[in-house]
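Trainee: Full structure from sequences and hints, please.
Protein chains in written order, with the working numbering: chain A, 1 to 129; chain B, 1001 to 1375.
There could be a bad hint or two in this list.
Said to hold, decoys possible - Derived DEER-like restraints, expressed as beta-carbon distance ranges:
id, chain 1, residue 1, chain 2, residue 2, range
1, A, E70, B, M1001, 56 to 64 Å
2, B, K1037, A, W13, 22 to 30 Å
3, B, V1213, A, G84, 37 to 45 Å
To be verified - Dumping the calculated BS3-like pairs for lysine-lysine here, alpha-carbon to alpha-carbon at most 25 Å:
id, chain 1, residue 1, chain 2, residue 2
4, A, K129, B, K1037
5, B, K1190, B, K1305
6, A, K39, B, K1312
Stated by the list, open to error - Quick look at which bits of chain A chain B covers, simulated, 3 or more residues with Cβ under 8 Å:
id, region
7, 31-38
8, 83-92
9, 99-109
The set of hints was computed from the structure by calculation and includes no laboratory data.
Where is the CB? At the ideal position from N, CA and C, for every residue including glycine.
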Amino acid sequence: MYGIAAITAKNGWAMALAGALIVMTGLSVLALVISQLHKLAQLIENRRTAPAQPDTPPPAEKTIPSFNIEEIKTRYGLMAQQLGDSFELTRLYHLARDSGFPHVHLSIRSLRETGQLVPLGDGMFSWQK
Amino acid sequence: MELLLQFLSNTGYYLVDYRNLIMICVGSVFVYLAISKQYEPLLLLPIGFGVLVGNIPFFKGFGIGIYEPNSVLHYLYFGVTTGVYPSIVFLGLGAMTDFSSLLAMPRLMLLGAAAQMGIYTTLLSALALGFTAPEASSIGIIGGADGPTSIFLTAKLAPHLIGPIAIAAYSYMALIPIIQPPIMRLLTTKEERCIHMPEIRQVSRIERLLFPVAGLILCCFLASASIPLLGPFFFGNLLKESGVVDRLANTARTAIIDTATIFLGFTVGASTQADVFLTPKSIGIFFLGAVAFSIATASGVLFAKIMNLFLKQKINPLLGAAGVSAVPGSAREVHLVGLKADPSNYLLMHAMACNSSGVIGSAVCAGILWSFNVV
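Mentor: In structure tokens:
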């Protein structure tokens, strides 16, 4: 059996429609929940700091940089491809900053320390492939 | 003399048929693309070499082939047929993924959901072409552009199609730079491609810690069949974000995922034995895979345009193409197409948000399709 008759016989329409609706609903709910997570995070942060300093305003939210060198390599590797075989670190820095990457200084430093960015002399660097 | 003749009749030179040679050419092309063009080398190299290994002719009954019980390859392939390797890969993926950009802009998650429409459209197309419902579901999941998810679902629903579906899924992932940009350009105007996205806010550590728990509960309560994929995925992410088990997180995102990827790629490649692989069904699967991937890309882009009708802060519709879960290939393409339209338009971080949403979306779809076919 082929064509529309086959789809109908194998319950295809219901599977496709229900499947699409479920995944759309599921991810929409997840998006809604995570859009509110910062409020919950703020609440937890406030409760944690409240007993210690009841009369002082809560401190600015502390963020701890997530430093995963593999992740940094993936992200910066994509940008390094755009810059060609050799480039100045300032170009990489500006590109990363404009892309909204967090902790650009620290990231570039760790890439240098791990030998991912190879100095070529005269202020030029290349990406270790 | 008789011994020599007997030996010669067992050699590959005697047993080879044209289908083996075709597959050896395919494997060689994969190896070439991986090494020379660097198209998804982490996947194409093990798969390509696996194709070469799987298509060396051998005397059946020696316990050599991947489909022969008690052979070494058969034992290694066990991780594929049981869905063990995909789960382990997801653990490593979770430990690698940074959800900060998604947490900062949750609306981008909808693009990850929209891109899954390619799965259901292809499901219908496969059913129309005469595939059974479990086969069509396994083919449809190629549209998620997620190799491990495709292999996992196919192992559960249509194990006889693992070879062609895995090869199709990974081939199209490698061909992202060729498939996606024309579709993106066709469906968007220059003005739309130039839309700048707002800067992403800083996300707190508590948010990043809450997300894997909330994500696991919400997704797996909805599609419990996706637990084998999303369970390890969110666990890996919690290992990473917790900051207290760096050793475990580091092992998950390096040694563990690399080991699983090696065996997954190699055995999937070796499973493409010509007599099993070169069938009319495989050709249909390759055709449908291309359809799935293209529709997934298009539906993500079109959904972003629909969202723009209702949003004050417009979304760059190119981001919809990153809703497929090919990480980070599709995000890179979105970024590059955006840069071509406007050299100051940096979309990488936002595209990565859609990408990670796509990973979750395709795993949920796999769970849903598995449930549908078991009921």
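Trainee: Of the numbered hints stated previously, which ones are contradicted by the structure, given in increasing order?
Mentor: Hints 2 and 8 not satisfied by this model.
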